[in-house]
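Peer 1: Take the sequences, apply the hints, and build the full model.
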Amino acid sequence: MTSSELIQIATSLIGSLCFGILFNMRGKRLIAAAVGGLLSWGLFVVLSHFILNEPINYFIVAAVVSLYSEIMARILKTPAAPIVTTSLIPLIPGGSLYYTMSSAFESNFTMFLEKAVSTLKLACALALGIIVVTAISQFLFKRVKQR
Amino acid sequence: MEKLLDSIMDIGEQMLISGAEVHRVEDSIKRIFDAYGTKRTDVFIITSSIVVTIHTDDKAYTQTRRITETSTDYENLHKLNELSRSICKHKYSDNEIKKQLAEIAKCKKYPLWLEFICYAVISGAFTLFFGGGITESAVSFIIGALVRFVILLCDKTVKNKIFCKFVSAFIATSLAFIALRLDFIATVDKVIIGNIMTLIPGIGLTTALKDLLVGDSIAGLLRTIEACITALAIAAGYFAVAFITGGAI
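So the sequences go chain by chain: A and B.
According to this note's numbering, the stretch in the first sequence is residues -9 to 137, in order.
According to this note's numbering, the stretch in the second sequence is residues 1374 to 1622, in order.
Accuracy of the hints is not assured; some may be wrong.
[Claimed, not checked] Derived lysine-lysine pairs resembling BS3-like cross-links, with alpha carbons at most 27 Å apart: (1) A/Lys67 with B/Lys1403; (2) B/Lys1482 with A/Lys18; (3) A/Lys67 with B/Lys1452; (4) B/Lys1462 with A/Lys18; (5) B/Lys1534 with B/Lys1479; (6) B/Lys1532 with B/Lys1412; (7) B/Lys1479 with B/Lys1532.
In short, the hints are calculated from the structure, not lab data.
Peer 2: Here it is as structure tokens:
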């Protein structure tokens, strides 16, 4: 692991923690969200050594982090959505959006299209990852409860 | 029954304002009325409105609520969720529910200075995250706090969220550019990206896509459009500075 990757993992923890505070999360729920932030980027860094396709990595990370959030939500007796959204903040394609803007300004349309499409792909991969796990876990947890 | 409906509508309204997804609120309201044993409950929710009709043996009651502003508050959401669960269990009277809601409304918020620090830390942290250096991160940290100040001013004066994003992006970009001119930093992009992270509608877009994929098409479309317009406002703020400086960014 390079030092820049370590910095990224540390700052993703800080980022999720601060966003959690802005969303008025408290106590154990705030900690769960901050750890989720660390988990999400840590996993992404590890995965990116093996899989070179960014959207697929995003999908896997989103799925794993939502599973983590569903479990934490059950333990802490709270909705899962706040934990998922705060945990996945480091994956928000902010850089990608910036380069979409700047290439539009420079009239560099090949780069603009490339960046715009990649921003959309990443956002869709994130949402899909969350949905798949939420749907499956709702079904599974219902089964467990009924027993 | 009418009063009960009114207090349950309050819960739904507060949940939506705090940032709950549409289907969660619909689900909660339905479950609550199932617990009270109404014959039929019809709930229709989009991000800006709630319509509920409940049928008892002899009468039907309908109420609507219009939601104009949202402010993400997950502590509030957590408490509302707990309340709606215990309502299902204990079937409180409408007075009791109102009392509990008033209790929740009193729940603590973090102080304003902490929000300033959070904006600063988020901006600084994400500048590092996207590969910026220590000085760039420090500049970004200061700009982050100033952006929170701009948002505060906007909230007090114009009260238009889109315009507020535009102004924030404009100020953040121009400050980054000034820092470049004064030779504090070598490139502006990492600083601007760090500050964009506090403004970006990333959560809005993810929730929008979630709503769409779950099947709440109207709510999802509304949120998507909202997120796109916000992104455009941020881009416009950036473009304005870029044009003024003659594209030297």
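Peer 1: None of the hints should be skipped; say for each whether it holds.
Peer 2: Comparing the hints with the structure gives:
Restraint check for A/Lys67 and B/Lys1403: satisfied, since their Cα atoms lie roughly 20 Å apart, inside the 27 Å limit. This hinted pair checks out: B/Lys1482 and A/Lys18 have alpha carbons roughly 16 Å apart, not beyond 27 Å. Restraint check for A/Lys67 and B/Lys1452: the C-alpha separation of about 10 Å stays at or below 27 Å, so the hint holds. About 25 Å separates the Cα atoms of B/Lys1462 and A/Lys18, which keeps this hinted pair within 27 Å; it holds.
Of the supplied pair hints, the one linking B/Lys1534 and B/Lys1479 holds, its CA atoms being roughly 25 Å apart against a limit of 27 Å. A C-alpha spacing of about 43 Å is found between B/Lys1532 and B/Lys1412, which places the hinted pair above 27 Å, so the restraint is violated. Among the hinted pairs, B/Lys1479 with B/Lys1532 is consistent with the structure: their alpha-carbon atoms are about 24 Å apart, no more than 27 Å.
In summary, the structure is inconsistent with hint 6 from the numbered list given earlier, while agreeing with all the others.
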